[in-house]
Amino acid sequence: DIQMTQSPSSMSASLGDRVTITCQASQDIGNNLIWFQQKPGKSPRPMIYYATNLANGVPSRFSGSRSGSDYSLTISSLESEDMADYHCLQYKQYPRTFGGGTKLELK
Amino acid sequence: QIQLVQSGPELKKPGESVKISCKASGYTFTDYAMHWVKQAPGKGLKWMGWINTYTGKPTYADDFKGRFVFSLEASASTANLQISNLKNEDTATYFCARVLDYWGQGVMVTVSS
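Going down the list, the sequences are from chains A and B. So for the first sequence, the numbering used here puts the first residue at 1; every next one is plus one. So for the second sequence, the numbering used here puts the first residue at 1; every next one is plus one.
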């Protein structure tokens with residue numbers, strides 16, 4: 001199975017900060033990665049598809065990138081509504097596997 | 001618009017069974033696979049498997065083989081998840097998701113004696 005190692009598991013940041021969350025894949029997944037945002041009591045919302053493509057309606061301060069087996073989600077200027085849990089998922093092969101999640105909190 | 005509406009919360013005792021439904025609307029049900037995802041309280045997401053909504057063939061992740069059954073009522077555009085012989089560790093929110101792009105609201109299943 002492909003392991004997705006996500007870091008950090010939690011972080012606190014201030015409004016306006018640039019924030020980066022990373023997932024490392026244990027095998028080649030190409031660009032077959034989705035980033036989800038999940039707020040308390042809600043279902044996950046896809047934010048980035050195919051590692052770098054912004055989903056419909058997602059603010060442009062969000063972006064996705066890849067460097068080798070490392071995948072990053074960046075928020076260029078943190079807003080209060082961005083406080084949430086973030087998850088990565090690889091969909092290169094079965095079983096699909098999620099990263100461990102990152103809890104993003106306000107400092 | 002595309003919607004996945006799941007059934008309501010469940011409170012069960014160990015050893016009992018539960019069946020969760022996921023009713024889809026706004027698209028052709030049989031055109032897209034349905035996935036199931038588990039989230040234990042305060043934990044991350046865990047992929048359980050998927051069902052081919054055209055053929056009805058289910059595929060289960062290793063940790064969900066045996067007590068978990070995915071099924072369809074295709075005429076009602078509904079996917080179901082049944083869990084038998086419930087254990088305390090099955091306490092979680094269970095999500096259905098259309099190829100992981102559209103998600104249901106989740107069903108909280110609590111297993112407690």
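Be careful, since some hints might not be right.
Stated by the list, open to error - With a straight-line cut-off of 30 Å between C-alpha atoms, the simulated BS3-like cross-links for lysine-lysine are:
| id | chain 1 | residue 1 | chain 2 | residue 2 |
| --- | --- | --- | --- | --- |
| 1 | A | K92 | B | K12 |
| 2 | B | K12 | B | K57 |
| 3 | A | K107 | B | K65 |
Said to hold, decoys possible - Quick look at which bits of chain A chain B covers, simulated, 3 or more residues with Cβ under 8 Å:
| id | segment |
| --- | --- |
| 4 | 24 to 35 |
| 5 | 87 to 93 |
FYI, nobody ran anything at the bench for these hints, they're computed from the structure. Note that the Cβ used here is the ideal one computed from N, Cα and C, for glycine as well.
So, against the hints stated earlier in the document, which numbers end up violated here? Hints 1, 3, 4 contradicted; others consistent.
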